[in-house]
Amino acid sequence: MLIRKKRGNFLEDFRVGQLFRHKVGKTATEGLFNAFTEFGMTTNPLSKNLRYAQRYGFKGLIAPPGLVMNMVFSQSVEDISENARANLEYRDMRFGAPVYIGDTIEVETTIVGVQPSSKEPDRGVVHVQTTGRNQDGAIVLTLQRKVQIWKDNQETKVEATALNEVPAIPCDLQIPAYQESRKYRELAHLTNPDTYFEDFTVGDVFAHSRGRTVTTAHMELTAMLDNTSQVHSNQYLVDQNPAKYIGGQLIVYGGIPFNLCLGLSCPDVGDNSVGDVCYITGRHTGPVFVGDTVFASTEIKDKREYPGRPDLGIVSTILRGHKFVKKGETWEKMEIFYLERDMAVKRRSHYA
Amino acid sequence: MLIRKKRGNFLEDFRVGQLFRHKVGKTATEGLFNAFTEFGMTTNPLSKNLRYAQRYGFKGLIAPPGLVMNMVFSQSVEDISENARANLEYRDMRFGAPVYIGDTIEVETTIVGVQPSSKEPDRGVVHVQTTGRNQDGAIVLTLQRKVQIWKDNQETKVEATALNEVPAIPCDLQIPAYQESRKYRELAHLTNPDTYFEDFTVGDVFAHSRGRTVTTAHMELTAMLDNTSQVHSNQYLVDQNPAKYIGGQLIVYGGIPFNLCLGLSCPDVGDNSVGDVCYITGRHTGPVFVGDTVFASTEIKDKREYPGRPDLGIVSTILRGHKFVKKGETWEKMEIFYLERDMAVKRRSHYA
Amino acid sequence: MLIRKKRGNFLEDFRVGQLFRHKVGKTATEGLFNAFTEFGMTTNPLSKNLRYAQRYGFKGLIAPPGLVMNMVFSQSVEDISENARANLEYRDMRFGAPVYIGDTIEVETTIVGVQPSSKEPDRGVVHVQTTGRNQDGAIVLTLQRKVQIWKDNQETKVEATALNEVPAIPCDLQIPAYQESRKYRELAHLTNPDTYFEDFTVGDVFAHSRGRTVTTAHMELTAMLDNTSQVHSNQYLVDQNPAKYIGGQLIVYGGIPFNLCLGLSCPDVGDNSVGDVCYITGRHTGPVFVGDTVFASTEIKDKREYPGRPDLGIVSTILRGHKFVKKGETWEKMEIFYLERDMAVKRRSHYA
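Residue numbers (this note's numbering), protein chains in the order written: chain A, 1 to 352; chain B, 1 to 352; chain C, 1 to 352.
Just so you know, the hints here were simulated from the structure itself, not pulled from any lab data. One thing to keep in mind: the hints can contain errors.
Okay, the calculated bits of chain B under chain C, using three or more residues with CB under 8 Å as the criterion [as the list claims (entries may be wrong)]:
#, segment
1, 3 to 11
2, 14 to 26
3, 29 to 39
4, 212 to 223
5, 227 to 236
Beta carbons are placed, not taken as given, at the ideal position from N, Cα and C, and that holds for glycine.
Kindly generate the complete structure, drawing on both the sequences and the hints.
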């Protein structure tokens, strides 16, 4: 008998309240760490310089938020979005315990809501909550997302259903305590002198000056994250139906520009951060292909105190990613990524 | 004096019974591990999830069979097949001790037979036996292969010679003992529920649904394996004589599709395996180039008991790899890889 | 307010005697190690085989000189050469303590001299001295370089200034002592039998037989080294002004062919070396682009005793890299790299 296992779930397969304990799990090896930390070109020494990370009270190098997000999110792809048409929104993504090299992350997802499309009979939106934990059971990341999923059979009737409320998942950024004895100032030269909490002004927009061209390496990087979705890595599939697949190109997995934008922002706003607190909402507003050059900007929206941490402050930002598309003789700017991002930033008064 | 060292051996250089202790050796770093384990997209948690691997009694993550094969095989390339025209067959490839991150593998090869071509005066076949051992002297892999090698000088007469018998190399798959106290069932959600020994039916053929497009990353991956053969990494060489080199393209090292096919089979047949026992025979039946998308299928040929291990069973399979080639308007399926593969698979009765 | 931070320094920003303590630092993970050691295809077991490295008295695998150079040099790019037009010369590059996986390297640079161009008003040359230290404060590498830097504003007058002398940085190659009890001969089969000190003849030129085609992987590798220079990774920037950027192509970071040439030389001259002592002078004499195949040759210039080490000798060489460029129907050889390289090589009398 010829068996072709159906992979992933279609819209009609999801049941509100259903819990997926995703398969496999993932241990963060130094190989994964190097590939993503360096690929994203993060410039925060907490992820690059062991001496610095340990001085700050961490056990080792910490995975930058882009890698933590990718490690957790990707594990949910097979069960949740293998048959997705589009990833619509990330919501309320909150970071918890730091992720170190050697940590093993396992992930669960709860189905929060199912909403068939009112216009198209072949699709609908699934609302999920995904949580990643390390080997000690500590939460490293929790997020919600809305994803547009294909139906397997257009005729199948799917009812709109939802939980009364999204389950409450307690998750706060875990940061080592501030200790004068750590003599942080001795290492202040390892970061920029003008990216402390005091340096940011609400209303400023940083046009991050560097760009990064995407190569076919996206396929190997996506495989490293166990992202099974074929639209990133199966050119033959795309060649069978170019019209369905955006003109015949493999589309780059959104986690790649997500990671790149975070990295590109780092020298201007991120290198004196001790972690990202929360991504309130985020979405991929445009596709990315091989050959595109990704750019980013950060708008400072708000500054406020960090409860219980006089050495830190919270900076609320909007991180936008864009690229340029050739139209005749001119280049048009196209937005590709939007993220409302709260960052925990050091105060110069305490660290420099 | 201008010196251009000749690299590798030609047909007339081999002597039956000759022992090569291959140079350098290789320590499995986390970088190598990440690159190949993730590249192959294996979904077996023994190679991905440290918590799972340790629960199963392994010291750490274990290298998947495709990486073990590559680490051992590649070390023999310079001495044995640097001047090969084609790798004809792998035979009797048997796995032994697990390979962990940090293990150092060194490799030896014995020349078993030399057979000049009866038709072409410029080539012949060399039959070898290659064995890889770790730092404790334990065998991790032993294999035989037949490879078609160029002569350096067509005039040189080469006699057909062979050992009376292939040396016996004892090598059995080393698996931690089954222990009820390990509570395997607690982790059963990390693998598929329908890939246990009991789930396979002789005669079934799994068309593995995913494909994987090969990019220029094959060159970096091949370098990571210390494979010195120039037809994979020297475009200039190929440009000098396109007719000799399959129309002017670099050919992808066979270990790459070997690794990909194993990985592609994993979700359907491999994620509840504790190891591959033996590859009875294998060959690369078609070339792979950048841009090709690799697919695979597994045919279930036989099931039998695993001697001494009532918790496991042996599933004999044929793993086939294929790609599609454009002929005018249609795509033709072309086989690229064939492997008779015996797998040690967990029984649901004991593990789930 | 829209802020676009200016990155790097321009000619008029440098002051003789100025000390830069470069930001971030870098811990050598196994991922970085694998990517560069394997990318360069070094065949020295000190960087590949842990058993061998430890037998020789090293704590672990040692980073090959190409990786040490890259780890140190790249950290100086943002402050020194982000706005460079050309990297003119490396000078007096001396190796010190070995670099192991897990070491953290931090880097400082002193401005030694500033020289405006006598012909072009928009550029000048900066002479610097860069030193990298590990977490114990031991120097791993020190070097000088001359780099041609753009002015930000052509009108700004820049005076020629220089320190009276280049600061003396004591830095000697640190090699474990020779100990008969280590039984080196037992491992002699892991390297070539004809690359010991006694085997080299002054005047010989080795045309290293292998070549290596450069792929788009150069971008990911350059990012792994935190090299921020946009001409390597921002195709959009290049597309805005192809004439300025060598006909519209991204240029490969020089550290890539530097690393490749060292690796290509290894089987013929490097695998019985215990380290590179000094690069007297080096320069990139031609550009490298994706698709180029890199070749190398080594000329033996001198042999002499290694002071205090009767088991070793110093071999002075010139390492040259080249590629071929199609001109009509013929291929023209173009030199791309030149390096005067002193190597510490084992004597057969003591090791084999």
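Cross-check of the supplied hints:
1. 3 to 11: Per the Cβ count (5), the hint holds.
2. 14 to 26: Result for this restraint: holds, n = 5.
3. 29 to 39: As far as the segment 29 to 39 of chain B goes, the hint holds, because 6 residues have Cβ atoms under 8 Å from chain C.
4. 212 to 223: Coverage by chain C holds for the segment 212 to 223 of chain B (5 residues, Cβ < 8 Å).
5. 227 to 236: Holds, because 6 residues of the segment 227 to 236 of chain B bring their Cβ atoms closer than 8 Å to Cβ atoms of chain C.
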